[in-house]
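Number of protein chains: 2
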Amino acid sequence: MRKKFITPRKFIKPSFSFLIEKKRDSGEYTKDEIRYISDSILDKELPDYQLAAMIMAIFFQGMSAMETAALAEEIMLSGDVIDLAKITKPKIDKYTTGGVGDKTSLVLAPLAASCGVVMPMMVGHDEDFIISNLSKLESIPGINTQLSLKDFIKQLKAVNCAITRQCDEIAPVDNILYKMRQKTAVIPSLPLITASVLSRKLAQGAEGLVIDVKWGNGSFIKDLEQAKQLARSVIRVGRSMKRRCVALVTDMNQPLGDTVGTALEIKETIDLLKGEGPEDLKEIVLKLGMEIVRLGGVAGSTLSAKQIVNRHLQNGKALEKFKEMVKAQGGDSSYIENPDKFPKAKFIKKLPAPKRGYVHTINAGMIARGVQLLSKDSKGNYDPAVGVSEICKVGAQVKQGEPLMMIHYNNEAKLDSALDYLRTAYRLAPKRPNPPQLVVERVA
Amino acid sequence: MRKKFITPRKFIKPSFSFLIEKKRDSGEYTKDEIRYISDSILDKELPDYQLAAMIMAIFFQGMSAMETAALAEEIMLSGDVIDLAKITKPKIDKYTTGGVGDKTSLVLAPLAASCGVVMPMMVGHDEDFIISNLSKLESIPGINTQLSLKDFIKQLKAVNCAITRQCDEIAPVDNILYKMRQKTAVIPSLPLITASVLSRKLAQGAEGLVIDVKWGNGSFIKDLEQAKQLARSVIRVGRSMKRRCVALVTDMNQPLGDTVGTALEIKETIDLLKGEGPEDLKEIVLKLGMEIVRLGGVAGSTLSAKQIVNRHLQNGKALEKFKEMVKAQGGDSSYIENPDKFPKAKFIKKLPAPKRGYVHTINAGMIARGVQLLSKDSKGNYDPAVGVSEICKVGAQVKQGEPLMMIHYNNEAKLDSALDYLRTAYRLAPKRPNPPQLVVERVA
Numbered sequence: 001m002r003k004k005f006i007t008p009r010k011f012i013k014p015s016f017s018f019l020i021e022k023k024r025d026s027g028e029y030t031k032d033e034i035r036y037i038s039d040s041i042l043d044k045e046l047p048d049y050q051l052a053a054m055i056m057a058i059f060f061q062g063m064s065a066m067e068t069a070a071l072a073e074e075i076m077l078s079g080d081v082i083d084l085a086k087i088t089k090p091k092i093d094k095y096t097t098g099g100v101g102d103k104t105s106l107v108l109a110p111l112a113a114s115c116g117v118v119m120p121m122m123v124g125h126d127e128d129f130i131i132s133n134l135s136k137l138e139s140i141p142g143i144n145t146q147l148s149l150k151d152f153i154k155q156l157k158a159v160n161c162a163i164t165r166q167c168d169e170i171a172p173v174d175n176i177l178y179k180m181r182q183k184t185a186v187i188p189s190l191p192l193i194t195a196s197v198l199s200r201k202l203a204q205g206a207e208g209l210v211i212d213v214k215w216g217n218g219s220f221i222k223d224l225e226q227a228k229q230l231a232r233s234v235i236r237v238g239r240s241m242k243r244r245c246v247a248l249v250t251d252m253n254q255p256l257g258d259t260v261g262t263a264l265e266i267k268e269t270i271d272l273l274k275g276e277g278p279e280d281l282k283e284i285v286l287k288l289g290m291e292i293v294r295l296g297g298v299a300g301s302t303l304s305a306k307q308i309v310n311r312h313l314q315n316g317k318a319l320e321k322f323k324e325m326v327k328a329q330g331g332d333s334s335y336i337e338n339p340d341k342f343p344k345a346k347f348i349k350k351l352p353a354p355k356r357g358y359v360h361t362i363n364a365g366m367i368a369r370g371v372q373l374l375s376k377d378s379k380g381n382y383d384p385a386v387g388v389s390e391i392c393k394v395g396a397q398v399k400q401g402e403p404l405m406m407i408h409y410n411n412e413a414k415l416d417s418a419l420d421y422l423r424t425a426y427r428l429a430p431k432r433p434n435p436p437q438l439v440v441e442r443v444a
Numbered sequence: 001m002r003k004k005f006i007t008p009r010k011f012i013k014p015s016f017s018f019l020i021e022k023k024r025d026s027g028e029y030t031k032d033e034i035r036y037i038s039d040s041i042l043d044k045e046l047p048d049y050q051l052a053a054m055i056m057a058i059f060f061q062g063m064s065a066m067e068t069a070a071l072a073e074e075i076m077l078s079g080d081v082i083d084l085a086k087i088t089k090p091k092i093d094k095y096t097t098g099g100v101g102d103k104t105s106l107v108l109a110p111l112a113a114s115c116g117v118v119m120p121m122m123v124g125h126d127e128d129f130i131i132s133n134l135s136k137l138e139s140i141p142g143i144n145t146q147l148s149l150k151d152f153i154k155q156l157k158a159v160n161c162a163i164t165r166q167c168d169e170i171a172p173v174d175n176i177l178y179k180m181r182q183k184t185a186v187i188p189s190l191p192l193i194t195a196s197v198l199s200r201k202l203a204q205g206a207e208g209l210v211i212d213v214k215w216g217n218g219s220f221i222k223d224l225e226q227a228k229q230l231a232r233s234v235i236r237v238g239r240s241m242k243r244r245c246v247a248l249v250t251d252m253n254q255p256l257g258d259t260v261g262t263a264l265e266i267k268e269t270i271d272l273l274k275g276e277g278p279e280d281l282k283e284i285v286l287k288l289g290m291e292i293v294r295l296g297g298v299a300g301s302t303l304s305a306k307q308i309v310n311r312h313l314q315n316g317k318a319l320e321k322f323k324e325m326v327k328a329q330g331g332d333s334s335y336i337e338n339p340d341k342f343p344k345a346k347f348i349k350k351l352p353a354p355k356r357g358y359v360h361t362i363n364a365g366m367i368a369r370g371v372q373l374l375s376k377d378s379k380g381n382y383d384p385a386v387g388v389s390e391i392c393k394v395g396a397q398v399k400q401g402e403p404l405m406m407i408h409y410n411n412e413a414k415l416d417s418a419l420d421y422l423r424t425a426y427r428l429a430p431k432r433p434n435p436p437q438l439v440v441e442r443v444a
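From first to last, the protein sequence lines are chains A and B. Under the working numbering, the residues of the first sequence are numbered 1 to 444, in order. Under the working numbering, the residues of the second sequence are numbered 1 to 444, in order.
The hints are simulated quantities; they were obtained by calculation from the structure and are not laboratory data. Some clues are possibly wrong.
Note that identical chains are pooled: a pair holds if it fits in a single copy or bridges any two copies.
[Unchecked claim] Heads up, simulated DSSO-like pairs for lysine-lysine below, C-alpha to C-alpha not over 30 Å straight-line: (1) 179 with 379; (2) 431 with 222; (3) 10 with 183; (4) 349 with 414; (5) 10 with 414; (6) 222 with 13; (7) 13 with 414; (8) 350 with 282; (9) 13 with 379; (10) 376 with 13; (11) 183 with 22; (12) 376 with 22.
The whole structure should be built from the sequences, with the hints applied where relevant.
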């Protein structure tokens with residue numbers, strides 16, 4: 001599958017320790033060197049320990065936009081690059097750094113497709129405490145979230161959107177690199193994140209890319225400045241690769257929406273696709289949706305973008321497309337028509353407010369961990385009925401004993417440990433806090 | 001062989017990726033953590049790639065004196081610690097970072113022993129372009145440079161000095177770490193060098209340590225500031241380990257002495273042991289020798305130290321001790337009595353000065369590489385007859401065509417490539433340069 005290139009004529013292979021030393025001393029890799037590194041990772045010629053030292057040196061010394069673009073390009077070319085040229089519609093993808101309660105991708109793929117923008121959405125690496133959108137989809141009986149490359153392309157042609165696990169043929173070097181980064185504490189490297197995102201998304205056939213960079217206690221990026229830097233890095237490198245890219249830096253200091261859990265979040269997705277649902281999610285779906293239709297050229301102005309997105313949410317086209325997508329992937333779409341079919345938890349219990357006051361801060365990561373504990377079994381499978389709903393958000397006023405959220409669970413034995421997480425997540429204060437700013441910055 | 005310790009009561013083993021992250025974010029390891037890391041290296045429980053990432057993070061973030069001392073201690077304790085308590089004389093070791101033409105250790109071991117200071121000298125890692133003192137000794141027929149631990153101790157008791165390859169039983173964690181540092185471009189890490197030197201030297205039974213930190217183009221430390229830092233680091237950490245240590249920072253911007261090569265350097269060693277030989281070597285032997293006898297408590301003042309060292313060079317006692325040591329290690333000591341017995345090269349050719357002038361700079365590293373090319377075969381064995389002699393030093397005045405050095409060689413085919421190195425090593429200038437300062441700094 002891999003694209004083989006002619007080795008550049010005059011490139012003399014340097015030793016790997018020389019290449020590590022070069023980066024250690026803040027040197028800039030040439031395009032040939034980056035190709036050689038990527039090829040050597042793919043061919044398993046670069047020993048693990050030298051790769052580990054190299055990426056740690058990259059963590060400290062960074063990479064220029066040129067280096068990052070070259071790395072993204074080489075990683076992309078390490079596997080199949082999906083050719084969607086036969087689909088004449090614009091092909092825009094969306095990437096998020098991941099957040100608790102974030103179901104916007106599940107909404108945006110059918111929404112964009114209904115607006116005439118193809119969304120080839122492959123879901124990559126799992127973040128440790130965040131429920132993947134694939135796990136959420138898997139609460140729909142029968143659905144296949146592991147399409148083959150052939151079926152993926154077929155579905156894109158027929159339905160214009162698909163959400164599936166990333167195929168092994170896509171950017172295999174990224175898989176190797178990502179696993180190594182996990183084991184060596186090099187996940188938060190700006191150029192390596194940038195190259196990872198761009199390589200995968202562009203290999204998946206996207207012409208343009210809308211990126212949601214989340215910052216806060218429910219993201220792996222805890223720091224706003226770092227989130228802004230990542231957004232700028234992806235945009236700069238994406239441009240130097242001649243792709244249209246827009247990034248929004250958004251808040252992840254509380255769960256998005258009112259639910260966390262697999263089927264509970266699918267139900268919220270359905271609400272959103274009807275133009276309903278909680279305000280924060282509605283706002284972010286609208287903002288990201290507008291970027292997608294504008295990038296795809298379906299709308300010429302901000303105003304028309306807003307009209308198109310709202311129309312497709314109101315007239316049922318987006319929801320219709322979601323059903324179509326679920327059906328195409330083998331899922332039982334009657335669950336979408338009638339969300340009451342989803343299984344319900346044996347127990348539903350409130351998390352009582354320990355005192356009166358305003359919700360001052362919520363640690364979204366803690367809530368995610370609490371939900372994981374209740375809903376994920378030792379094999380990594382989720383109980384679809386389990387999760388939390390009616391989450392009180394930052395700024396809400398509560399009286400002592402009033403519910404901060406409703407906890408849906410089946411396993412009583414785990415409740416106490418989960419409650420520890422959920423309780424710790426809330427801080428109440430006597431004064432109303434400033435409302436969080438949902439979209440902090442737009443980078444284009 | 002390894003000393004097993006009781007695991008501290010309340011130490012909960014952290015994950016290795018947590019430990020990498022801690023150092024990445026400039027955290028300070030606790031003593032327990034350092035013991036756990038060292039134990040995990042020894043037990044091969046710390047995977048290569050995580051070790052690589054960890055030492056690269058250490059390269060960038062450094063280690064405190066406390067951490068470095070703890071690491072040195074743990075590495076030392078990872079193997080045998082030689083107990084020389086039965087030898088009542090003071091036991092002082094010498095360590096050099098390595099330099100071209102540096103044969104001072106070969107002089108100092110017998111000199112110190114003749115003055116009443118025991119020198120347990122084990123030679124560790126090879127520097128890539130520098131001829132190891134063991135290779136020089138091996139030009140003496142019959143000599144054994146790989147003593148067993150038992151024979152090493154026996155010889156120290158009988159002769160009071162020995163020069164041998166470091167036994168495998170000594171600081172095994174250091175061997176693993178050093179090999180990893182070589183492959184991952186982490187050799188020049190101040191705390192890791194410091195811990196390596198101290199762990200090995202103290203495991204070899206030394207009570208005190210004299211360190212020669214060389215800086216310049218013939219050392220792996222090219223920068224004077226870095227050399228000073230290393231000297232201070234070793235002294236600081238050595239002290240916190242309650243050992244007597246002195247460091248000299250010395251010049252390595254030209255070869256030491258007039259010869260580079262195995263048997264040629266042994267001949268120069270013999271000259272020095274007679275109180276003769278080139279001035280720079282005489283000076284540094286005297287300076288280091290004085291530190292050794294003072295540290296060993298044999299001399300109370302600088303003046304008496306100088307007198308003792310000079311006396312033992314003049315009265316033949318030091319040379320006698322060298323013969324004794326060679327004999328004890330199975331070598332043919334008649335070569336020491338009559339150095340003319342060493343084989344001579346088939347060809348001896350001058351390196352002519354390309355113009356008149358003063359020797360302005362010499363790249364010692366280039367000379368070392370030229371000599372390596374001529375004298376070392378593909379198996380890594382040296383031809384004892386080969387090398388360079390009568391090296392013109394910085395400040396010397398030459399006329400065009402006069403010899404900058406004499407080249408002794410047996411293999412004509414390699415001469416041209418070697419000449420490339422040797423010629424490039426010299427820069428001549430019309431004005432006399434300032435003489436280099438041999439001992440730049442003393443740290444105690």
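Now for the hints, and whether the structure bears them out:
In this assembly of identical chains, residue 179 and residue 379 lie within 30 Å of each other by CA distance solely inside one copy; the values are 20 Å within and 39 Å between copies. Proximity of residue 431 to residue 222 under the C-alpha cut-off of 30 Å is restricted to the intra-copy arrangement: shortest distance 25 Å within a copy versus 61 Å between copies. Taking identical chains as interchangeable, the C-alpha atoms of residue 10 and residue 183 lie at most 30 Å apart only when they sit on different chains, with a minimum of 25 Å there against 35 Å within one chain. Only within a single protomer do residue 349 and residue 414 lie at most 30 Å apart by alpha-carbon distance; the minimum there is 13 Å, versus 85 Å between protomers.
Taking CA atoms no more than 30 Å apart as the test, residue 10 paired with residue 414 passes between copies only; the shortest distance there is 26 Å, against 62 Å inside one copy. In the homo-oligomer, the alpha carbons of residue 222 and residue 13 lie at most 30 Å apart only across protomers (26 Å), although the nearest pairing inside one protomer, at 39 Å, exceeds that limit. In the homo-oligomer, the alpha carbons of residue 13 and residue 414 lie at most 30 Å apart only across protomers (25 Å), although the nearest pairing inside one protomer, at 55 Å, exceeds that limit. Taking identical chains as interchangeable, the C-alpha atoms of residue 350 and residue 282 lie at most 30 Å apart only when both belong to the same chain, with a minimum of 25 Å there against 86 Å between chains.
Taking the shortest alpha-carbon separations for residue 13 and residue 379, only the inter-copy value of 24 Å comes in at or below 30 Å, while the best intra-copy value is 44 Å. Only between protomers do residue 376 and residue 13 lie at most 30 Å apart by alpha-carbon distance; the minimum there is 25 Å, versus 47 Å within a single protomer. In this homomeric assembly, residue 183 and residue 22 come within 30 Å of each other (Cα to Cα) both inside a single copy, at 23 Å, and across copies, at 13 Å. Taking identical chains as interchangeable, the C-alpha atoms of residue 376 and residue 22 lie at most 30 Å apart only when they sit on different chains, with a minimum of 29 Å there against 44 Å within one chain.
In this structure, none of the earlier numbered hints is contradicted; all agree with it.
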